[in-house]
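Quick mapping for you: the protein sequence lines, in order, are chains A and B. Per our numbering, residue 1 is the first one in the first sequence, and the count goes up by one each step. Per our numbering, residue 1 is the first one in the second sequence, and the count goes up by one each step.
Please keep in mind that the hints were generated in silico from the structure rather than gathered at the bench. Incorrect hints may appear among the rest.
[As the list claims (entries may be wrong)] Distance condition first, Cα-Cα at most 25 Å in a straight line; then the derived SDA-like pairs of lysine to any residue:
(1) A/K155 x A/S139
(2) A/K304 x B/S83
(3) A/K308 x B/G48
(4) A/K95 x B/K41
(5) B/K85 x A/M306
(6) B/K41 x A/M306
(7) A/K62 x A/S203
[Unchecked claim] The following label-pair restraints were derived from C-beta to C-beta distances:
(8) B/G84 x A/E208: 40 to 50 Å
(9) B/G33 x A/S113: 16 to 26 Å
(10) A/P238 x B/G33: 39 to 49 Å
(11) A/A260 x B/V38: 38 to 48 Å
(12) A/P238 x B/F82: 42 to 52 Å
(13) B/K63 x A/I325: 55 to 65 Å
(14) A/L329 x B/E8: 40 to 50 Å
(15) A/G47 x B/K63: 22 to 32 Å
Computed from a predicted model, the values in this text were never measured in an experiment. No residue lacks a Cβ here, since even glycine has one placed at the ideal position from N, Cα and C.
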Amino acid sequence: MSSHTTNEPVKQVPTKLAFGDFLGAWKARWGIGRMDYTIKPGLYAVGKPDSESPVLVSANYKLTFDALRKNLGGLDCWIMILDTGGINVWCAAGKGAFGTDELVNRIEKSDISKYVSHKQLVLPQLGAAGVSAYEVARSSGFNVVYGPVRAKDIKEFIREGYKATEEMRMVNFTLWDRMVLVPMELVPALKKSLPFFIGMALSSTFLEKPFGKADYAGLAMAIASGSIITPVLLPAIPGKAFSLKGWIVGLGGTAALVGAFGGYRKGSRILSMGHLLLFPAVSSYLALNFTGSTTYTSHSGVNKEMRKALPLIVGSAFVGAALAIGAYLFRSDK
Amino acid sequence: MKVLRYLEDVSTLELNGEKCTGCGSCIDVCPHGVFCIVGQKAFVADKGLCMECGACALNCPTKAIEVIAGVGCASAIIASWFSGKEPACECAEDGCKPGCC
């Protein structure tokens, strides 16, 4: 009954990525069709694996699968792909999709016992948030060994007798790690702010004193501060709270812009005050949203930060917007 | 390399030393080096680095570790206020990122 996949040959996978893989990765990073960027769950072969070869377990998000296989050159092994709904290992583990039940189920479905004589599975360490190793052993008889966090360390991990160094076990958040996340910060931020840009442009058609360059530039600067500059320069910006970091960057940018547009002169000070309250708050909010993309923020921490920061952000933005709009409505000069 | 730290003294992580057998599973799964082994027991060496992913508690065979696991994601928490559900990564929507959670 359980052997409906038995006759299906195990698919061989290359360890070199093709042009299409790079293109696909680029699109996924920009959010283009990324929820369909999946591969079929099941068993795959790298090199010429035999019954003694290691079994590496991973997720069915193609970006994850590619990151794994490109690091397996020269190795003979099996890859067991779990059905994580096209989501990377860590995310899926947090949701339980890369989890004990799916792993136990996939051990059965893939008939792995017919291909290997040992009882060991190598899981990415970040899968541990969804998998209970001792429960997998109890239910399936397979021992889970947690491998390194990053696929690039797998060969060394295996060479060293399935031992990870302390460095292999640590998650970090490098400049490059942060930079590849920027598009998916920027695209949603732009989508959310589009109605404001359109609203400002439309109001110019029927209001006598429409929004000026300083308003458009300020909003664009706030978006860049919160979703590009703060994520990229994260460790260099003072503070631990993301909302504070985003506010500092946004305030610096707004202060400079206000100066560039001559906003500190008499007569434009109410508008400038509005900008100084509104735009740093927008940047602060966007930076706060970056917490979800980081590798080190806790739920309790984000909860605490939001309780303190959100009332300030909303209040500041509201007063700032009111001042800016008021400055236009009551401006007497032509 | 400089280790990034978030807010201190907020994590819900608790380790019960009496139940701990010193097997080291927590050390293997923790992505931030929160634990250390001294003698035959695990200890919380740096609680401020804990991100509450829950891997240690899930993989502790003697259930010596407790932590309220959750997502450290502001958008997920805000969404949960409106939906009334537990905060979760909504990776199916555009708010979630390839490297997230």
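Those earlier numbered hints the structure runs against, lowest number first: 1, 4, 6, 7, 9, 10, 11, 12 and 15
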